[in-house]
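Protein chains in written order, with my numbering: chain A, 1 to 140; chain B, 141 to 556.
It should be emphasised that the hints constitute simulated quantities derived from the structure, not laboratory data.
Please read all numbers here as calculations on a predicted model, not as lab measurements.
Cβ coordinates follow ideal geometry from the N, Cα and C atoms, glycine included.
There could be a bad hint or two in this list.
Stated by the list, open to error - Between beta-carbon pairs, the in silico distance windows are:
| hint | chain 1 | residue 1 | chain 2 | residue 2 | range |
| --- | --- | --- | --- | --- | --- |
| 1 | B | His502 | A | Glu92 | 54 to 62 Å |
| 2 | B | Cys160 | A | Gln21 | 42 to 50 Å |
| 3 | A | Ser100 | B | Pro430 | 15 to 23 Å |
| 4 | A | Asp120 | B | His502 | 21 to 29 Å |
| 5 | B | Gly523 | A | Phe94 | 40 to 48 Å |
| 6 | B | Asn427 | A | His8 | 17 to 25 Å |
| 7 | B | Asp327 | A | Arg117 | 50 to 58 Å |
| 8 | A | Ser100 | B | Asp197 | 41 to 49 Å |
| 9 | A | Gln21 | B | Ser520 | 50 to 58 Å |
| 10 | B | Asp377 | A | Gln21 | 54 to 62 Å |
| 11 | A | Pro36 | B | Glu329 | 20 to 28 Å |
| 12 | B | Lys319 | A | Gln21 | 52 to 60 Å |
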Amino acid sequence: MSDALVFHFDVDGENFTSAGQASTQVKKNLRQLGLPPDIIRRVSIAMYEGEINMVIHANGGTADVSVTEEYVEIVLKDQGPGIPNVEQAMQEGFSTATDSIRSLGFGAGMGLPNMKRYTDSMEIDTVIGVGTTITMRVNL
Amino acid sequence: MTRNTYEHSVQLDVSKCTGCTNCLRRCPTEAIRIWEGHAKINEARCIDCGECIRTCDNNAKKAVVGRLEDMDRFRYKIALPAPSLYGQFDNLDDVDYVLDGLLKIGFDDVFEVSKAAELVSAYTRQYLKTEGIKLPVISSACPVVVRLIALRFPSLNDNVMHMLPPMEVAATLARQRAKVQHPELADDEIGVCFISPCPAKASYVKNGFADYKSGVDVVISMSDVYFSLISKMSRGDDVDSMTESGMVGIGWATSGGEATALFNDEYLAADGIENIINVLEQIENGNIPPVKFIELDACTAGCVGGVLTVQNPYIAKTRLQSLRRYLPVSKNFLAPEDLEYIPELYLFNDLPVYEPMSLLSHNMAESMRMMADIQRLRDSLPGIDCGACGAPNCRALAEDIIKGKAQLQDCKILEK
Chain A
1 MSDALVFHFD VDGENFTSAG QASTQVKKNL RQLGLPPDII RRVSIAMYEG EINMVIHANG
61 GTADVSVTEE YVEIVLKDQG PGIPNVEQAM QEGFSTATDS IRSLGFGAGM GLPNMKRYTD
121 SMEIDTVIGV GTTITMRVNL
Chain B
141 MTRNTYEHSV QLDVSKCTGC TNCLRRCPTE AIRIWEGHAK INEARCIDCG ECIRTCDNNA
201 KKAVVGRLED MDRFRYKIAL PAPSLYGQFD NLDDVDYVLD GLLKIGFDDV FEVSKAAELV
261 SAYTRQYLKT EGIKLPVISS ACPVVVRLIA LRFPSLNDNV MHMLPPMEVA ATLARQRAKV
321 QHPELADDEI GVCFISPCPA KASYVKNGFA DYKSGVDVVI SMSDVYFSLI SKMSRGDDVD
381 SMTESGMVGI GWATSGGEAT ALFNDEYLAA DGIENIINVL EQIENGNIPP VKFIELDACT
441 AGCVGGVLTV QNPYIAKTRL QSLRRYLPVS KNFLAPEDLE YIPELYLFND LPVYEPMSLL
501 SHNMAESMRM MADIQRLRDS LPGIDCGACG APNCRALAED IIKGKAQLQD CKILEK
């Protein structure tokens, strides 16, 4: 297996207007690599949702995207409050977002479900009060 | 390969270019480099948006379009004025003065693009009811948008509406009318001339869509025809009533005009190149409200903002508002039976093929190696994006170096 190409991003939790920048950059990079449009779309949606979640719930974090010839892996890591009930959080429409977040058009409770839907595998590693790490893969 | 076969309308006059970095930074697709003291446009990346023409203080960037004299070779000359033309004149209270002026400068007939636009709007309302179409439907009227999607947003290709732009429909209908009124004319004796607000329309006429050849023969610039037209236009004299379009048709000249003509509030209308790129990104991310129709205009304020217009876009927009005020909503109605199916002349089949403009290599392993090198190299560059090397930013220079098109010594800051 060839070495993975890694893109690292710091997702700024203070600045809501910059949310989505990392996924836009990843999309550009994947286009340059010549990945099929459908793969790029799935990766960018999953990453976008995850990035927004980190900004809304965890005051930001880091995103590492590794590309190999077999898959694209997205690792989102934050030091936020953690997810108390993962099963509940995975349900479509479940959301703990505040009204002010909802007024911006986010917080519809589709973030995690979409991340799962658009990727081939997703693992959630969460500890209350410590943080959450989500690892997603899209196979090529 | 179909790469690089797109014929452009934005060109550089080398003698006027001073090699400044104004256009370099403004180009939304990073198609420009300053090499050997002047700008070079990468044709595979250029989308003919005209931003570089707008920003050049030396008038070194120009739109290559036709001239009025190019129509001399036709026996019967038809003008197709874009509705944005009507917004260029001060104190104009009637479109007929413009149409009459066009006849006075030598055209035999005038077919308003705004008339065709009303028909396109009527059929678009129908098109949106088609079962199985991919929502949101993205308008194909702005040629910059269609090319941008082909180069950069391939996953949205299926959302592009397969209806021809009003200019094209106008060309076909104008020709049909000429043949009916003058059966003695041969096909090649009839010339159709579009009076354009932008160079992208000229490029569209040269290239068509994938399998579709344009019916327009000559594209001339609005600013080119402006002075000859204004000197021939009468004001106050009795002119024949000719206009065949209403509020809907003229509304197409400004952003939101095409969308509001659908009589349905489930739409999004955006204008300005940065905004439309951002909206396309957001559609790809699935992050827009559930709308049925998306109108995107590359120029600020819509077609009135085209680089070949004379007047400031917002002033033109205000003029069009007063011009529209007492017009009927539309002058082109279609009976219910006409709306049962969309005639062939309004449709095209295939879009331009996806040509990933930024692709590093056709071999993925090779692309990955190159990108790793680019990232390393970029980190070693100053990161101030000054443009002095001739690339728009440090990242672009790193790419150029890895692709063998530039050298590390090109960086003026590292050289110091």
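Taking the hints in turn, this is what the structure says about them:
no., hint, result
1, B/His502 x A/Glu92: 54 to 62 Å, "40 Å, violated"
2, B/Cys160 x A/Gln21: 42 to 50 Å, "29 Å, violated"
3, A/Ser100 x B/Pro430: 15 to 23 Å, "22 Å, holds"
4, A/Asp120 x B/His502: 21 to 29 Å, "25 Å, holds"
5, B/Gly523 x A/Phe94: 40 to 48 Å, "42 Å, holds"
6, B/Asn427 x A/His8: 17 to 25 Å, "23 Å, holds"
7, B/Asp327 x A/Arg117: 50 to 58 Å, "54 Å, holds"
8, A/Ser100 x B/Asp197: 41 to 49 Å, "44 Å, holds"
9, A/Gln21 x B/Ser520: 50 to 58 Å, "23 Å, violated"
10, B/Asp377 x A/Gln21: 54 to 62 Å, "59 Å, holds"
11, A/Pro36 x B/Glu329: 20 to 28 Å, "49 Å, violated"
12, B/Lys319 x A/Gln21: 52 to 60 Å, "55 Å, holds"
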